[in-house]
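Engineer: In order, the protein sequences belong to chains A and B. So for the first sequence, the working numbering puts the first residue at 8; every next one is plus one. So for the second sequence, the working numbering puts the first residue at 112; every next one is plus one.
Bear in mind the hints are in silico, worked out from the structure with no lab data behind them. Treat each hint with caution, since some may be false.
[Claimed, not checked] Derived pair list, reagent style DSS-like, types lysine-lysine, alpha-carbon separation capped at 27 Å:
1. B:Lys162 with B:Lys264
2. A:Lys53 with A:Lys64
3. B:Lys386 with A:Lys130
4. B:Lys162 with A:Lys130
5. B:Lys274 with B:Lys198
6. B:Lys162 with B:Lys198
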Amino acid sequence: MRLAPVFTATTALVASTSGYATEYLSVEQAQQAMFPGASLAVTPLKLTPEQVKVVVKKSGVGLRSPVVRVWAVSGGGWFFVDDVLGKHEFITYAVGLDATGTVRGVEILTYREAYGGQINTPKWRAQFTGKTTASPLLLDQDIANITGATLSCRHVMEGVKRVLSIYEIALAATNLPDAAPSAAR
Amino acid sequence: MLKNASLNSLRARLSAGTVLLLAWAVGSAPMALRADENTLGFTYGAETLPKGASEVYQIVTSRTGKADGHYSALDLQTEIEHGFTDKLQGSLYLNAISHDISGVPGTSDRDQSAFNGVQVSVKYNLRSADRGGWGVAVYLEPGYKRYSGRSGKREDIYFLEPKLILQRNFLDDTVIWSTNLGAEFEREQDLGRGSSHGDWESELELEASSGVSYRFAPGWFAGVEGLYKSAYAHMQLDEMSENAFFFGPNVHYANARWWATLAVLPQITGWPENKDTRNLHNYEALMIRLKLGLHF
Numbered sequence: 008m009r010l011a012p013v014f015t016a017t018t019a020l021v022a023s024t025s026g027y028a029t030e031y032l033s034v035e036q037a038q039q040a041m042f043p044g045a046s047l048a049v050t051p052l053k054l055t056p057e058q059v060k061v062v063v064k065k066s067g068v069g070l071r072s073p074v075v076r077v078w079a080v081s082g083g084g085w086f087f088v089d090d091v092l093g094k095h096e097f098i099t100y101a102v103g104l105d106a107t108g109t110v111r112g113v114e115i116l117t118y119r120e121a122y123g124g125q126i127n128t129p130k131w132r133a134q135f136t137g138k139t140t141a142s143p144l145l146l147d148q149d150i151a152n153i154t155g156a157t158l159s160c161r162h163v164m165e166g167v168k169r170v171l172s173i174y175e176i177a178l179a180a181t182n183l184p185d186a187a188p189s190a191a192r
Numbered sequence: 112m113l114k115n116a117s118l119n120s121l122r123a124r125l126s127a128g129t130v131l132l133l134a135w136a137v138g139s140a141p142m143a144l145r146a147d148e149n150t151l152g153f154t155y156g157a158e159t160l161p162k163g164a165s166e167v168y169q170i171v172t173s174r175t176g177k178a179d180g181h182y183s184a185l186d187l188q189t190e191i192e193h194g195f196t197d198k199l200q201g202s203l204y205l206n207a208i209s210h211d212i213s214g215v216p217g218t219s220d221r222d223q224s225a226f227n228g229v230q231v232s233v234k235y236n237l238r239s240a241d242r243g244g245w246g247v248a249v250y251l252e253p254g255y256k257r258y259s260g261r262s263g264k265r266e267d268i269y270f271l272e273p274k275l276i277l278q279r280n281f282l283d284d285t286v287i288w289s290t291n292l293g294a295e296f297e298r299e300q301d302l303g304r305g306s307s308h309g310d311w312e313s314e315l316e317l318e319a320s321s322g323v324s325y326r327f328a329p330g331w332f333a334g335v336e337g338l339y340k341s342a343y344a345h346m347q348l349d350e351m352s353e354n355a356f357f358f359g360p361n362v363h364y365a366n367a368r369w370w371a372t373l374a375v376l377p378q379i380t381g382w383p384e385n386k387d388t389r390n391l392h393n394y395e396a397l398m399i400r401l402k403l404g405l406h407f
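Excised from the complex, chain B in its bound form (with noise of 0.2 Å):
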C-alpha cells in the first residue's frame, strides 16, 4: 500500500498519463492499419486482428456508490493487443487500482492506489461477421491480481475467464449487437497484516452481457448495453451469494487514427437487496467504462 504522501502523486501520474495517451493519439500520424475497436463498454466483438496488427487500449473504469458512506474505486488498465494469425489475437494487461472508501459498513475506510497484477488473453475467431450472418469467437483469459476490487483489501488473486462472443450486424452494419457469456473462476487468499494470511477460498462468477450500438453519423456509434453479474461460493452453482444487474447508453467515436467507447452503466437490480431493489453491499451504484484504442 501506498502512503497518502505519495498517493496524490500516484493519481497525478495516472491521470497524466491518460492525457499524454490521448495527445499522443491526436498527434499521430495516420497509419494503415486495422482495428478491433470496441464499439461497446463491456462487451466484446467477435473480430480479430489480422496477422501482424497490433493496437493499444487504456481503458478506465471508474465504480462509485455503496448503500451508505463513501466509495469510489478506479481500475486503469492499459493493453497491448497483436495479431497472431488472421484469426487468433493475444493481449497483455497491466493493471493498477485506486480506492477512496470511507464509512462504508463492513469495508475497511482506505484511501489508495496500487499496481494491481497482469493478465494476459487469447482470443479466437471462429467466424467473422463482416461476412454476414453470425460472428462467433472464443476467449481465455488467464491473470494475477494484488487487490480486491471491492474492499481494496490486499489479496492474492489468481483467475482464469473464458467467454464465448457472439456478434450480428445488421441495416447494411449499421447495427453492431454482441453478447458474451462468461465464467471467471477464482483462487483467492487473505493477505491480511503481517503473517496472518487467510486460507485459499475459491469462487465462481458468471457474466452475461449484451448490446447494441447503431452509427448514426460517420465514424460514430451511439447504442445501450446490459451487464448481468452473479457469485457462486466455493464454485458451486447451488450456492449463489449475489447478484446484480447493470443496464445504460453508451457512444463510440473512431477515426483513422484511434478510437474512444464511453459506457455508463447503473446497478438496476440486484440481490440480497440492501437499498431499495439494489444489492450495494456487494456491487457499485454506478460503473462509467472510458476505453481509448490507438492504431499503431
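Just chain A, same shape as in the assembly (with noise of 0.2 Å):
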C-alpha cells in the first residue's frame, strides 16, 4: 500500500550505507607524538584467562580480547593502542606510559560516530596526563564530561583505567627490552 516507496526507499539507504571515520592520527604519527625520537618494539602480549580476571576486577571494564596491542619504548614506556565503543562504532586511541607506568599521553586515532568528536580536544586529553592506577579515573571527578559525547567519555576513560590496569598486572614487573625500531609498527 502507501508504505511501499518508503519501505524501497529506506531498503535502498540501508543497502547503500557506508562508514565514516575521521581518522585523526596513524599508530606512527601517535607514537612519535607522545615519544618523539625514541623507537618502539612490538612486544607480543596475550593476558592468561587469570590476567584477564584480574584486569576486569580491577579496572571494573571489560576485556574483549587476551590479546594486547603494545609496543616497548626505548629508554623506558609503553605504547598500547586499543578499541573502546563509541555510540555505534569503535573508537580507536593510544595511551603512551612512562617507565613508572604514569599515563604520558592519550591521543585518539580513529573516531567513527556523528558526534562527540570533542574527545580529541588537547585540553581533555590532557586530563589524562599524570594518571596512575591510583588514580580514580571517575566521570565528572577527575575527568571532565562533556555534554552530547557522554558515552565516549566513560567508555574513554575506563579503556585508560583498563590499560593501567593491564599494565600493572602484566608489565610492571618486566624488564624493558633493548627496543628496536619494529618493522611491524
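Build the complex: two chains, separate frames, hints provided.
Structural biologist: This is the structure in C-alpha cells:
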C-alpha cells in the first residue's frame, strides 16, 4: 500500500550505508607525538585467563580480547593501542605510559561517531596526563564530561583505566627489552 | 475532507516527500552534531539533545486490520527537535493522517487524507544513562488533532500527554532498555456534518511501553518492544472501556548523518475481545512504525 515507496527507499538507504570515520592520527604519528625520537618495538602480549579476570576486576571494565597491542619504548615506557565502543562504532585510541606506569599522553586515532568528536581536544585529553592506577578515573570527578559525548568520554576513560590495569598486572614487573625500531608498527 | 480527485495527488506528495527526505539524508554532508536517536519505535529513551543541537524526524505509522472489512490508516508526523539547554529539549510536530476504510462494522466507509493538527513537547533529562546506572526523564506533550485516529471522523481533539521515561544500559552500553509510563488526557468534540456538533467528551488513556535493543554490529541494533494501551471514559479509572497489548520486533540503524528505526507490533491480546483474544474494534491488528532522524 502507501508504505511501499517508504520501505523501498529505506531498503535502498540501508543497502547504501557506508562507514564514516575521522582518522586523526596513524599509529606511527601517535607514537612520535608521545615519544619523539624514541624507537618502539612491538611486544607480543596475550593475557592469561587469570590475568584477564584480575584486569576486569581491578578496572571494572570488560575485555573483548586477551591479546594486547603494546609497544615497548626505548629508554623506558609503553605505548598501547586499544578500541572502546562509541555509541555505534569503535573508537580507536592510544595511551602512552612512562617507565613508572604513569600516563604520558592519550591520543584519539580514529573516531567514527556522528557526534562527540570533542573528545579529541587537547584540553580534554590532557586530563589523563599523570594518571596512575591509583587515580580514581571517574567522570566529573577527575575527568570532566563533555555534554553530548558522555558515552564516548566514559568509554575512553574506562579504556585508559583498563590499560593502566593491564600494565600493572602484566608489564610492571617486566624488564624492558632493548627496544629496536619495529617493522611491524 | 479532501475529494477523491485530490486524494491520489496528496498521497503521492506524502510518499514523494518521504523519499525526498531520505534522499536528502543520503546526500547530506556529515556534520559533527549529536543525536537523541530512538532505538525503539514506540518507546522513548531518556537522553536529550545538548544545548543548541537540532534534529528533524519523519515518523510514519501504519495501522491496519479490523475484525471485518478493510481498514488501513497512516499517521505521518514531521518533528523538529531542539536542545534549549543540556537537559531540556523541545519539539514541534506537524501531523497528517490518512484513512482507507470499507465494510468495517460501526465505522463509516471513507477514503481520505488530511492535515491533522500540531503538537509540541518538552523533555527534561533528570539523569543520563550514558553515565552508567539509571537514566530518567520527564516528558510533556500538549496538542490538537482534527480527526479521530480510529474512525477518521472530523473532530476537535485537545490533549495533554505526560510521560515518565526510564532507561538503563547494560553490557558495556550495547544493550539499551527503555520504559515509558504515560497518560493522555483528551477533550474531544464530534463535529459531524453541518452544524450538528456533538457534546464535548473527556477520555483518559494510560499507556505503558518497554523495549530492549541490542547492538549486534557497528551501527545496528535489534530488539523487541511491548506496548499496553487502555482507555477510560469520563477520565474515571473505574470506567475502563478498552485495552490492548502489542508486542513485536524492531531494528535500528544509525550512521554519522542519519538514523532509522523500524518497529512491527501486532496486537497480541485486547479487551473487550471481538476476534479471538484481540480487541479489533477499538485497536488495529498490526502497527508498523518507521522513524527517520536527521542530524543538522
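Engineer: Which hint numbers does the structure go against, in order from smallest to largest?
Structural biologist: 1, 3
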